[in-house]
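*Asks:* Residue numbers (my numbering), protein chains in the order written: chain U, 1 to 136; chain Y, 1 to 386.
Please keep in mind that the hints were generated in silico from the structure rather than gathered at the bench. All C-beta atoms in this analysis are idealised placements derived from N, C-alpha and C, irrespective of residue type, glycine included. Any given hint could be a false lead.
Stated by the list, open to error - Some chain U residues near chain Y, calculated using beta-carbon distances under 8 Å:
1) S4
2) W7
3) L9
4) P30
5) Y57
6) V60
7) P63
8) L77
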Amino acid sequence: MEISRHWRLRKQRYSLVGEECPHCKAKLFPPRDVCPECGHEAKTLYNFSGRGKVYSYTTVYEPPAGYEENAPYTVALVKLDEGPMVTAQLTDLGDQPVEIGTPVEMVTRRLRQDGDERGLIIYGYKFRPILASQPA
Amino acid sequence: MVEVVIAGIGQTRVEEHWAVSLRELAFMAIEQAQLDAGGLQPQVLYVGNMLAPQLSHQAHLATLLADFAGLTGIEAATVEAAGASGGAALRAGYLAVASGQADVALVVGVEKFTDVVGSGVEAALATSSDGDYEAIHGLTSTAQAALLMRRYMHEFNVPRQAFAGFPVTAHANGAGNKNAMYQKAITPETYHKAGVVSDPLNMFDIAPNADGAAALVLARPDVLPPHASPLPVRIAGSSSVSDTLALHDRNDPLSFQAARLSVERACQRARISPLQVDLFELYDLYSIYGVLSLESAGFAQRGEGWKLVHDDHISLKGTMPVSTMGGLKARGNPGGATGIYQVVEAVQQLRGQAGVNQIPEARRALVQCLGGPAAIAVTHVLEVGS
Ligand SMILES: [Zn+2]
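When you get a sec, could you build the whole thing from the sequences and use the hints?
*Replies:* As C-alpha cells, then:
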C-alpha cells in the first residue's frame, strides 16, 4: 500500500535523519546501512542540520504525472554541510536568482498529492535560500 | 569460452507505430534477423525492454514474444536495465552462447512509447531512478541531464553553444539512415534558436522517445551455414558495470565511472585499446551524456570532451566517428531497443552495408548503452576479419 511506503520514510522526509558510520564517521543520507566509504555496517542514526549549498539546479516545465500543479518548479542537487548530496526542490525563491553555491536550508512542504481515491498528500523536505541578512 | 558471432540483424524504422502492437513490432525485427541469419534456429530468446509493464500493461514479455514468433518451447527471459536493457539482453545472449549453453541465441529489443501520451511517459521513465529519494521530488530524466550539463558548464567554463556539435552530427548522419526517425540535417543556427526545455538543455539536446524494435541472431561460428554471407561479426569483448542508482550518491557526478570501467573491461577482454576502434556508438540520450561518455571512454580528458565535438572530430570523416547512423538523437530512442539498434548499426558499418554513411574500412566498433545517468553501462567491442 502506498501509504505505508511513505509512512516508513517519515524520519527522512520530515527531519533528514540519516546515518553515521561508527567506523569511519562518514555521514550518510539517504540511510543505506552499508557505509560506501569503508564498507562496514553503518546503522547509527544521525540528524542532519538541513543546511547546504546548491551544487546544480534546473527548472522542470514538463512534469511527471502527479506534479502538474506545481509546474514549473526548480529541482536541485544540494550538497549538505555534513557531506552528502540530496535531490530536492527549491522553494520560496521570490525574486532572488538561484546560483550554484547559493546557501540553502531545509523546510517541510507538500511534495505531491497522490491521484488515488484517498487523495493522500505527501510532505517532505525542500530547500529555500538562506537570506544574506539572516544570522547564521 | 566459445567465440560468439552476430549472424543476423533486423530493425524496424523508429517512429510512432500507432497501427502496430508491441508483439507485432518485435516480430517484424525478429523475422528480418532470422532471415538475415539464413534460418538458424535459436535455443534461447532474450528480450530487452524497459517499460512495457507501465506503458503497455504487459509484463512477461519474453514468453509472449517467443510464443508469437512461433518459438514456444525455447528458453525465454526479459532483461531490464533501464536505458541499457538492450545491451544487457545482448550480454545475456552472448553469455548463453559463449558458455556453450546454446548454439544460437535470439536477442530482441522492443519498446512502445506511444501507448501512453503526455505526463504518463515522464512518470514511467522516472521509475528507473531512485523512487524514494529522486522521483518523489519531481526529478525527471531530462532534469537530471540538465543538472549535469549546468554543473559541467560551470566547472569547466564551457559555453552552451559548444554542445551544438552533437545534434548537428547526429542529424547529418540520420539523413543517411532510412530507419531513422529524423532524416534531415540541421544547422548550428537551428540549435542555437531552439526553445529551452529544462535550462540549460534545449529541445535539440534531448533524443526523442519513439517506438521501435531491433533484433540480433548470435551463434557459435561452427553452426553457421558454409560460405556465410554477409560477413559474420565477432563479439570480441562484453562488459556490464553498475554504479549508484541515484546521481546524488556519487562523489563526482560528472564522472561516469560505470561507463569508464565498462569500456576498460570490454577492451581488455578484446585485447585492444579504445583508441584502436574505428567508430563509437555511444549513448547520446542527451548531448551532455555524449560528452561525458567520450571522456569516460578515454577519448578526452575530464572537462575536455566538448572540444572533440566542437572541433568536429566526431563526424563520419572525423578521428572518432560517433552515432554513425544518427544515434539516439536522430534515429530516435526506443528505450529498451536502443542498445540493440546501436549494435545493428555497428554491424552494418563492419559489414560495409552502411550506404552513404559508410566509414571506409571499418573493422572494429565500440558500442555502449547506459541506464539512467550511467547508473549502469553495457559495452561491447565488435570486430570483423582476422
Ligand atoms: Zn565508514
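*Asks:* How about P30(U): closest beta carbon in chain Y under 8 Å, or not?
*Replies:* holds (5 Å)
*Asks:* Does V60(U) hold up as a contact with chain Y if the rule is Cβ-Cβ below 8 Å?
*Replies:* Result: holds, 5 Å to nearest chain Y Cβ.
*Asks:* Holds or violated: is the Cβ of W7(U) closer than 8 Å to a Cβ in chain Y?
*Replies:* Nearest chain Y Cβ about 12 Å off; hint violated.
*Asks:* Quick check on the hint: P63(U) CB to chain Y CB, less than 8 Å?
*Replies:* Holds, because the Cβ-Cβ distance from P63(U) to chain Y comes to roughly 6 Å (cut-off 8 Å).
*Asks:* So, L9(U) near chain Y? Judge it on the closest CB pair being under 8 Å.
*Replies:* At 6 Å from the nearest chain Y Cβ, L9(U) passes the 8 Å test, so the hint holds.
*Asks:* Tell me if the interface restraint on L77(U) is satisfied: Cβ within less than 8 Å of some Cβ in chain Y.
*Replies:* Holds - the Cβ of L77(U) comes within 8 Å of chain Y, reaching about 6 Å at its closest.
*Asks:* Double-check Y57(U) for me: the hint is only fine if its C-beta lies closer than 8 Å to a C-beta in chain Y.
*Replies:* holds (7 Å)
*Asks:* Is the shortest C-beta separation between S4(U) and chain Y less than 8 Å?
*Replies:* violated (13 Å)
Violated hints, listed in ascending order, are 1, 2; each of the other numbered hints is respected by the structure.
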